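Asks: Here is what each chain is made of, one letter per residue.
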Amino acid sequence: MTKIKLALRTSLILILTASVSQLAIAAKGGNGGGGNGGGGNTSTTPSDITVAGDSITMGFAANCTGNVWLWDLACLLGGDQPQHSWFDGSSSNVDSVLDKYNNISRKISVDGNKNAAASGSEMRGGNNNFAVQAGNIVTQSPLPDHVEVLLGGNDICNRGCTDPSNCSDPLYSEAQWRESVQAGLDTLMTGLSAGSYVQLNGMPRVQDLYQAGIDKESGNGSINCKSVWSTYGICRVVTNDGTMNNESQATRLAAVSARQQRYNEILREEAEAYNTNANGKNPSGVEVVSEYVDENTPSGGTFQFGENDIDGGDCFHPSVSGQNRIANYEWAGNTDK
Amino acid sequence: MHYLARFVLLLETLFLLGCSPAHDPDTHSSNFHDRDSIKMPTPENVQVKPELVATIGNREVDLEELDALIEIKKFDLEWTLYELRQTTLTNYASRLAKEQDSLENNEVDILLTPPMPPRVLIPEDKRYVIGNADAPVKLAIFCSYQSSPCMRIQPILAQLKLLYENLVALVPYDLPMHYHRNGRSAANAARCAASHSLLEPYQQGLYADIHNLNEDRYKQIAEQLGVPLDDFVRCYEESEFDYLIQNDIDFGQSLNAGNVPLIFINGLYTKGPKSIATYIYYIESELKRLDIGVKRADSLGSTDEQGVSELQLVQEEQLTRSVEKTKNENEFPEISKMILSREWLDSHLLNQTELEESFTQAEHLVNEQYYLMRLENIADTDFYETLGLKERDVIMKVNDQWLHSGENGLFDALHNNEWVSIVVMRKGLPYRYDFEIQ
Chain H
1 MTKIKLALRT SLILILTASV SQLAIAAKGG NGGGGNGGGG NTSTTPSDIT VAGDSITMGF
61 AANCTGNVWL WDLACLLGGD QPQHSWFDGS SSNVDSVLDK YNNISRKISV DGNKNAAASG
121 SEMRGGNNNF AVQAGNIVTQ SPLPDHVEVL LGGNDICNRG CTDPSNCSDP LYSEAQWRES
181 VQAGLDTLMT GLSAGSYVQL NGMPRVQDLY QAGIDKESGN GSINCKSVWS TYGICRVVTN
241 DGTMNNESQA TRLAAVSARQ QRYNEILREE AEAYNTNANG KNPSGVEVVS EYVDENTPSG
301 GTFQFGENDI DGGDCFHPSV SGQNRIANYE WAGNTDK
Chain Z
1 MHYLARFVLL LETLFLLGCS PAHDPDTHSS NFHDRDSIKM PTPENVQVKP ELVATIGNRE
61 VDLEELDALI EIKKFDLEWT LYELRQTTLT NYASRLAKEQ DSLENNEVDI LLTPPMPPRV
121 LIPEDKRYVI GNADAPVKLA IFCSYQSSPC MRIQPILAQL KLLYENLVAL VPYDLPMHYH
181 RNGRSAANAA RCAASHSLLE PYQQGLYADI HNLNEDRYKQ IAEQLGVPLD DFVRCYEESE
241 FDYLIQNDID FGQSLNAGNV PLIFINGLYT KGPKSIATYI YYIESELKRL DIGVKRADSL
301 GSTDEQGVSE LQLVQEEQLT RSVEKTKNEN EFPEISKMIL SREWLDSHLL NQTELEESFT
361 QAEHLVNEQY YLMRLENIAD TDFYETLGLK ERDVIMKVND QWLHSGENGL FDALHNNEWV
421 SIVVMRKGLP YRYDFEIQ
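Chains H and Z, in that order, give the protein sequences.
Counting from 1, one number per residue, gives the positions in the first sequence under my numbering.
Counting from 1, one number per residue, gives the positions in the second sequence under my numbering.
Think of the hints as simulated: they come from the structure by calculation, not from any bench.
Wrong hints could be hidden among the right ones.
Pairs of lysine to aspartate or glutamate residues, derived as DMTMM-like cross-links and limited to a Cα-Cα distance of at most 20 Å, are as follows [as the list claims (entries may be wrong)]:
hint, chain 1, residue 1, chain 2, residue 2
1, H, 226, H, 241
2, Z, 427, H, 241
3, Z, 427, H, 208
4, Z, 126, Z, 248
5, Z, 427, Z, 376
6, H, 226, H, 215
7, Z, 427, H, 169
8, H, 226, Z, 363
9, Z, 390, H, 169
10, Z, 219, Z, 231
11, Z, 427, H, 179
12, Z, 49, Z, 64
13, H, 226, Z, 368
Quantities reported herein were computed from a predicted structural model and do not represent experimental measurements.
Required output: the full structure, derived from the provided sequences and hints.
Replies: See below:
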């Protein structure tokens, strides 16, 4: 009788510690391995993958080739091209992460969505930042078991200067960036199931865009990058080649470069803190991985955009070729496969 | 390949619409209805005692009592299972069809149906109803004006309203999430507009730009709709209806259902944005339960079984178009719709010359002779702000005609048309604003 009571108590504890979301995973037959807390030896691909992202993830203007004729601008006005997304683009011209998953997982198809992502999103600012997107992700049904994050470009591009003494909207400080990364991860840690996987992809090198654009328009009569950047106000903190808010372009590019590197290092630091549960915020053992390693290791955060990697519409977003390169980097850094 | 894609789309539609005649929630034998039958025991099962799951001293807790505590979450799990089955079946059936090479020779009979949700008793009061207040099916919509999913669901709700006319009414409830900093103030403003019977156009104004929710914007929308401004400002500043908003929030939170939108179809719970086919399925289940023939608007079908059949075709066509569009065309990332009053517009257009001065030539030359045009120095211009336009917006198109230094059709369109569409580029991203001028 005593034994039965003990067994009952054990069961009770187990029931109480199993969250509804864990049951959801059980119900959909998702994997249980992969996470540091998962403890299983099973090596299965995820069932449902999703992403927190911005216009890069939305494939914005990816196949636009020019901008000096109105018919070319129609492409730019088209905006998002989800079919060309590095994450789950359906176009045969892009070998997306979802495509790569379904190529290795022939028995059960992997479902992917980028419902939380939206063009213009930042890691920190705005109404669809990482924290908000994470909130949307953990309420998705089915609950994703693999989440990627690719944010940060707009956090730099929407700022007016690099030195806080020069404008009212300078680059976010390292502390602000870290706080925003944590805000999103906190939500994911509490909302995802044990054994789920979160990959923080390196934020791209926006500091390369200016030179890539100049190279792209050079000798191409269908493209004028400098005037389109100026007219539309595209990432002026790096594309304005004059003085802006008392800062020369060289000063801004140097500061952006340094900050972009620090942002990526913070992504790595936070991934480690959550993955090891050193911060006590990941008790259920969600695997948190940083795709960025360091400046010497190829990644989405070190990849230098060239003229063929940006589209010809706004000379800013990744071209179809650029989307493929991003997909390859994120896939290479993906340990959940 | 094309027939296969159409087949998959048809399957998706059939899942929700055509699998079997809209089944009767009271007779279906899914797990959910087992739960229903527990609520209303029949002679056959009244003998069955629910499983005992705990004893606390003399107190017993059975499975029925436990499940009642997690009814909403339990349905979320059922929905997850349904979606998994649906996805798997779609893939599986398309693979089988491919293997059999010719779909035309194979009859497909899909029997999978969505689970019936728990029915929640929604508090009824004298709130504003959009549509027929006596409609047999009421959609209680718990939303926040700062919620992107709530914004995106508006076209679907409008379509449902058109589809069912007097059979369906929309009943808005306020549930701003804690992270929607301006959600509650916007709800207050909307309630003030509702007291002047202008909730629907006011909501459209708020949803037209959910990133721009502030007192100035609330006043602009109210003013252009003809709400007496003094009264509106007093109502808003005194938060006259805040206690009613709190009642909605309290109720919404008591459900522990999470994010908006939450939509209850005659109390049947649905969470998050769902496809229009899902809402149609539940609405028609309700109409059938109430023994009301399905009559949709003429443009989309006729009645009863024939109507379902026609609707399937419409849905299939829409889905096909939607997928093809996703694949082949690009779409504007954000579309805002707003009602403008003709009176307000005409009074502002009297100052057209002054308004035109806000257009400045931008740097970018197009077609070798024209410059794109940008709005500048509009910060104090009530007119452009009310339209939702912002400083340094580049106006690209008006009613599908390009706008540049050689052609500016904005004012002609505003003077003469009942529908005006404006496409702008803002910080490198396109936005479209659609206006209905009444």
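Asks: Now tell me, hint by hint, if it's right for this structure.
Replies: Against the structure, the hints:
{"no.": "1", "hint": "H:226 x H:241", "result": "9 Å, holds"}
{"no.": "2", "hint": "Z:427 x H:241", "result": "17 Å, holds"}
{"no.": "3", "hint": "Z:427 x H:208", "result": "19 Å, holds"}
{"no.": "4", "hint": "Z:126 x Z:248", "result": "13 Å, holds"}
{"no.": "5", "hint": "Z:427 x Z:376", "result": "14 Å, holds"}
{"no.": "6", "hint": "H:226 x H:215", "result": "11 Å, holds"}
{"no.": "7", "hint": "Z:427 x H:169", "result": "15 Å, holds"}
{"no.": "8", "hint": "H:226 x Z:363", "result": "9 Å, holds"}
{"no.": "9", "hint": "Z:390 x H:169", "result": "18 Å, holds"}
{"no.": "10", "hint": "Z:219 x Z:231", "result": "11 Å, holds"}
{"no.": "11", "hint": "Z:427 x H:179", "result": "25 Å, violated"}
{"no.": "12", "hint": "Z:49 x Z:64", "result": "9 Å, holds"}
{"no.": "13", "hint": "H:226 x Z:368", "result": "16 Å, holds"}
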